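Chains R, E and Z, in that order, give the protein sequences. Quick note: the first sequence uses the working numbering, first residue 1, plus one each step. Quick note: the second sequence uses the working numbering, first residue 1, plus one each step. Quick note: the third sequence uses the working numbering, first residue 1, plus one each step.
Since the hints were made in silico from the structure, they are not lab data. Some hints could be false.
One side of the interface only, derived from the structure: several residues of chain Z facing chain R at Cβ under 10 Å [unchecked claim]:
no.	residue
1	67
2	68
3	69
4	71
5	76
6	82
7	83
8	86
9	90
10	96
11	103
12	107
13	108
14	109
15	184
The calculated lysine-lysine pairs, modelled on DSBU-like cross-linking and capped at a C-alpha distance of 35 Å, are [stated by the list, open to error]:
no.	chain 1	residue 1	chain 2	residue 2
16	E	353	Z	223
17	R	92	E	353
18	E	518	E	353
Since the structure is predicted, the reported quantities are computational estimates derived from the model, not experimental observations. Ideal placement from N, C-alpha and C gives every residue a C-beta, glycine not left out.
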Amino acid sequence: MTLTFDIVLSGLVLGGMYALIALGLTLQYGIARIINLSYGEFLVAAAFAALFLYTGMSVNPILGLVVIVPAAFVSNWLLYQIVLMPLVKRAKNQGMLEVDSILGTFGVLFVIQGVMLVTFGGGLQSYSYLSVPVYILGTTLALNRILALLFALIIAGVLYLFLTRTRFGTALRAVAVNPAAAQLSGIDIRSACALAFAAGGAIVGAGGVLISMFLTFSAASGVVFTMKALIVVIMGGIGNMLGALIAGVLLGIAETAVARLVDPGLTIAVTYALFLGVLLWRPTGLFGRPAR
Amino acid sequence: MKLRPAGSVSAAFVVVAALAAVPLLASGYHLALGISLLYLTVLTTAWALFSGPTHLVSLATAAFFGIGAYTTAVLTDFLPWPLVLVASAGVGVVVALVVGLSTLRLSGMYFVIFSFGLAELIRQVVTWYEVNIHGSVGRYIFADTTSEGIYWRLLILLVMVLGAGWLIRRSRLGLAVRVIGQDEVVARHVGIDITRAKLALFAVSAAFMTVTGAVMAPRWTYIDPAIAFSPVLSFEVVIMALFGGAGTLFGPLLGAVPLVLLFEVLTTSFPTYFSIILGLVFVLIVYRLPNGVIGLLESSVPSLRRAALVTGMSAAAERVTGPVWPREAVRGAATDAPVLQLDDVCKSFGGLKAVDDLSFALARGEILGLIGPNGSGKTTALNLISGAIAADGGDIRLEGRSIASLPTHRIAQRGVARTFQLVRVLGASSCLENVIAGLAFHAPPLWGAAADSRARALIARVGLAGREDTPAGQLTYIDQKRLELARALALAPDVLLLDEWLAGLTPSELQNGIALVKMLRQEGLTIIIVEHVMDAIRSLCDRCVVMNAGRKIAEGTPAAVLADPEVIRAYLGDPDA
Amino acid sequence: MLEVSGISAFYGKHRALDGVSLEVARGEIVVILGANGAGKTTLLNTLAGVVPAAPGARIVMAGRDLFGIPAHRIVEAGIALVPEGRGIFGELTVRENLLLGAYPARARAQEAVHLEMVLGLFPRLQERLRQTVRTMSGGEQQMVAIGRALMSAPDILLLDEPSLGLSPIMCGELFRILARIRGTGLGVLLVEQNVRQSLAIADRGYIIATGRIVGSGTAAALKTDPAVQRAYLGAGEVRAVPPGDRPA
Numbered sequence: 001m002t003l004t005f006d007i008v009l010s011g012l013v014l015g016g017m018y019a020l021i022a023l024g025l026t027l028q029y030g031i032a033r034i035i036n037l038s039y040g041e042f043l044v045a046a047a048f049a050a051l052f053l054y055t056g057m058s059v060n061p062i063l064g065l066v067v068i069v070p071a072a073f074v075s076n077w078l079l080y081q082i083v084l085m086p087l088v089k090r091a092k093n094q095g096m097l098e099v100d101s102i103l104g105t106f107g108v109l110f111v112i113q114g115v116m117l118v119t120f121g122g123g124l125q126s127y128s129y130l131s132v133p134v135y136i137l138g139t140t141l142a143l144n145r146i147l148a149l150l151f152a153l154i155i156a157g158v159l160y161l162f163l164t165r166t167r168f169g170t171a172l173r174a175v176a177v178n179p180a181a182a183q184l185s186g187i188d189i190r191s192a193c194a195l196a197f198a199a200g201g202a203i204v205g206a207g208g209v210l211i212s213m214f215l216t217f218s219a220a221s222g223v224v225f226t227m228k229a230l231i232v233v234i235m236g237g238i239g240n241m242l243g244a245l246i247a248g249v250l251l252g253i254a255e256t257a258v259a260r261l262v263d264p265g266l267t268i269a270v271t272y273a274l275f276l277g278v279l280l281w282r283p284t285g286l287f288g289r290p291a292r
Numbered sequence: 001m002k003l004r005p006a007g008s009v010s011a012a013f014v015v016v017a018a019l020a021a022v023p024l025l026a027s028g029y030h031l032a033l034g035i036s037l038l039y040l041t042v043l044t045t046a047w048a049l050f051s052g053p054t055h056l057v058s059l060a061t062a063a064f065f066g067i068g069a070y071t072t073a074v075l076t077d078f079l080p081w082p083l084v085l086v087a088s089a090g091v092g093v094v095v096a097l098v099v100g101l102s103t104l105r106l107s108g109m110y111f112v113i114f115s116f117g118l119a120e121l122i123r124q125v126v127t128w129y130e131v132n133i134h135g136s137v138g139r140y141i142f143a144d145t146t147s148e149g150i151y152w153r154l155l156i157l158l159v160m161v162l163g164a165g166w167l168i169r170r171s172r173l174g175l176a177v178r179v180i181g182q183d184e185v186v187a188r189h190v191g192i193d194i195t196r197a198k199l200a201l202f203a204v205s206a207a208f209m210t211v212t213g214a215v216m217a218p219r220w221t222y223i224d225p226a227i228a229f230s231p232v233l234s235f236e237v238v239i240m241a242l243f244g245g246a247g248t249l250f251g252p253l254l255g256a257v258p259l260v261l262l263f264e265v266l267t268t269s270f271p272t273y274f275s276i277i278l279g280l281v282f283v284l285i286v287y288r289l290p291n292g293v294i295g296l297l298e299s300s301v302p303s304l305r306r307a308a309l310v311t312g313m314s315a316a317a318e319r320v321t322g323p324v325w326p327r328e329a330v331r332g333a334a335t336d337a338p339v340l341q342l343d344d345v346c347k348s349f350g351g352l353k354a355v356d357d358l359s360f361a362l363a364r365g366e367i368l369g370l371i372g373p374n375g376s377g378k379t380t381a382l383n384l385i386s387g388a389i390a391a392d393g394g395d396i397r398l399e400g401r402s403i404a405s406l407p408t409h410r411i412a413q414r415g416v417a418r419t420f421q422l423v424r425v426l427g428a429s430s431c432l433e434n435v436i437a438g439l440a441f442h443a444p445p446l447w448g449a450a451a452d453s454r455a456r457a458l459i460a461r462v463g464l465a466g467r468e469d470t471p472a473g474q475l476t477y478i479d480q481k482r483l484e485l486a487r488a489l490a491l492a493p494d495v496l497l498l499d500e501w502l503a504g505l506t507p508s509e510l511q512n513g514i515a516l517v518k519m520l521r522q523e524g525l526t527i528i529i530v531e532h533v534m535d536a537i538r539s540l541c542d543r544c545v546v547m548n549a550g551r552k553i554a555e556g557t558p559a560a561v562l563a564d565p566e567v568i569r570a571y572l573g574d575p576d577a
Numbered sequence: 001m002l003e004v005s006g007i008s009a010f011y012g013k014h015r016a017l018d019g020v021s022l023e024v025a026r027g028e029i030v031v032i033l034g035a036n037g038a039g040k041t042t043l044l045n046t047l048a049g050v051v052p053a054a055p056g057a058r059i060v061m062a063g064r065d066l067f068g069i070p071a072h073r074i075v076e077a078g079i080a081l082v083p084e085g086r087g088i089f090g091e092l093t094v095r096e097n098l099l100l101g102a103y104p105a106r107a108r109a110q111e112a113v114h115l116e117m118v119l120g121l122f123p124r125l126q127e128r129l130r131q132t133v134r135t136m137s138g139g140e141q142q143m144v145a146i147g148r149a150l151m152s153a154p155d156i157l158l159l160d161e162p163s164l165g166l167s168p169i170m171c172g173e174l175f176r177i178l179a180r181i182r183g184t185g186l187g188v189l190l191v192e193q194n195v196r197q198s199l200a201i202a203d204r205g206y207i208i209a210t211g212r213i214v215g216s217g218t219a220a221a222l223k224t225d226p227a228v229q230r231a232y233l234g235a236g237e238v239r240a241v242p243p244g245d246r247p248a
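Chain R on its own, in the form it takes in the complex (with noise of 0.2 Å):
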């Protein structure tokens, strides 16, 4: 029974994480209709400075999220601007506008890829910080995990009553859902979008500097993050944060029960084989909008 306590707890904390960055990713997909392949560099980026920023100037992560956010934020909003804009506007059509960004943010990857390895080296990284044992219901988890998921739940928070009780938010969601008549409300879908890209590149540098506390990392560990949070989004139906949410979740347990009762380096395969088993049910995901 406690095994089973063990999993549900860890596969929560990882699942937690795994929502936020979806949750990200969803900003991105669901507003500005970008597919961004290197949404998993800034993961690690953020990652690294929160490495830099701990073991070389002693600043621990959580103050560390006060600069490396808004960092995330500038950095993802530029991004947009300079390379994704010009693509925006000379697509006809969302198909080409798809192809384009896929492949743009694909050239985009093996940059930030490629400067990470330059800067940091390929190996392996990790830095200890509160890797206190907690005892919870039965069982333990580490103290940066918890931390982690707390902060996750109240970024995740934010979010959702910055997009639910402001204006601009409200104003981002109308754009997802219908971009047409938001430009008919008076909305700047260009600059709406363009923040969009930027709050989920924030979230995801937020996304980075947490799980630093607790997982090992490389310069060469964004691709699969990025494919589990497309992954996510697409389960959890495109532009649904909640489905977004639980669909984290789910990958969470579903990787931590698999790590443990079966093995550790089969966790890629839970993830395609879940994508895979919830996309031939349904197709445009658990929660998603049903197809015309």
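Since the structure of chain R is already known, use the hints to place chains E and Z on it.
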């Protein structure tokens, strides 16, 4: 660059012979460079085989290459070399089919995203297998092949993949994926089974990539998953194909050669910065393309002409004086049974009942007008008949057999053809190819010289003679409508659905259009027309069905229904609010 | 208030509008009649900035030239469009839809006042403020759509076939509401299929066919003009070919 067949074949021989002689002269570094050039060119060409025409960007090259390399590493001690190759190809095809069956039926984005992580997935699975079942992660490959041997094998592979590409372009499969890549709705409505076509091509492409990996494996005496499944490979292949033009047969080769040399220089001069430079180069390429990546994926029309479906066709089209579709005696005009029968057909979108218990029968050889105010459900009814959408209830029978639950392409093959409210022609294809698309996937299909002459006759019949080689995107609006009609007629349909085919025409164009439709009816075609141009309805239709808010409110001759007070009320509204 | 001249628009090669000119003043309802495909929707989309007009067009609103201005800024200039298909945000609530209508700067200060006005016009929405719009009936969605446009405090309201998909009773209510909107001083440009009910409340009208204005006049004159019926139902002179004359 159009050489006569005999000339180009001998030129090809010379080139291949020259390439084959390289190992005899070069060695060491230059031979290694030659091998790199060859295997990357094969991979790039194989990639473009699938991703070029379908516009589905596959990021999975490394996955298949690695599978080939690993299969060799595992089997080379047990099987003779030829069987190892066959086994590798087999594994590659199986994986391709699994991936394809899972994702190609869904929207293209799912395929791309799936392919993105595929190499990682397979690497992880292979690592797991190696660790738990095999006991060690790396493997040694002892095969007594020389570098020269690898070079020649790759050369043969290159010739094979180029040959396969050439054959496919000239085949119906090649036409099918070219149509799919431009407009999937059109593809379905000319009888193409989209999933099967994509799957077949994906499997062929994957097989070549896998065999390349198998052939290259002996280069590395030691192999482990990280080496075999390197993600940079997928990336490089995409760059090279796009740079040279993924829509043409030799484009990938033209892109691969200079870029391989460039990357050689870069890796030796700036090894640490290679990844960054690669990424920047790629972003620049995507950024600079005027038509986006898809523009590069699409073939240019001159190359289409080169890949002409029939060689040596004479310019003079055979004059076909009779009706241009087969009227088999079996489909006799003797029976009185209706050609098409709708019974209580329903379709709802969300809470809105777009079509509500619609029933009518279409008699053979008649023109039925389907009219009604905007939003009455006419186009939805046509979409239900052609299979573009599925009905929620009721039955639709064509020649007595139910078609309500059939997929679109089967309905097209059974004999329902249509035009679209917003004209859908394959803009990048010539008019001839547009019409042949209607002939090639019919049951039974028409191909080769017979298809060519039938297509030219159809093109002449709709008034586009002389424009056979013009790309459809350059035609005027009304000429595009005519081309669409020709494509629909190519299907030799039992029922022709015209969706506002006469809309947006000037008075003289309208008269020509009406005359054309009248001619078609005189030849025995059965037609349903949806129209708002009432003059056309009056002069063309034998009968009309009037719809309003999804329901049929009147049926009869045009004069009768257009004088019906309820119909007038539906169009003009109630005088007393 | 709104004067346009020489508007042409293309969809690819297809000329959807050809030199259209019209005007709408405050406090009047102008209706545009014509069969489908005549260009009515394209005209409204061009005025709202959704579709670009070909160069040479003049779109002047209260003396200000709006040619080439993107859609989200045309709302700021005082023109609001209720598009075909309603243009509502299905996944959001009634309240959110309406408040989004007040997003433009010109509408923010008076947001509460306008909300009260809109709920006064559509009392049925008062009790459904928290309902997701996607789950509402066609008529109620239309109310939300019009309400959202009104929340932007427009001077000119454009409506594209608002009666589409509405029951006859809802249609009647809709037209009554449009008359009341006119009463508040707005100019209304209405594209409609329901000829009789719209002419009953309109002041003036234009007839459009194949992208061109082919007739205009007061509503009273148009009510009896045979050109209107012709635009929808055809000339009526050509008889259908009798069965006996058809070739075998």
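Task: Violations among the numbered hints, reported as their numbers in ascending order - done: 1, 2, 3, 14, 15
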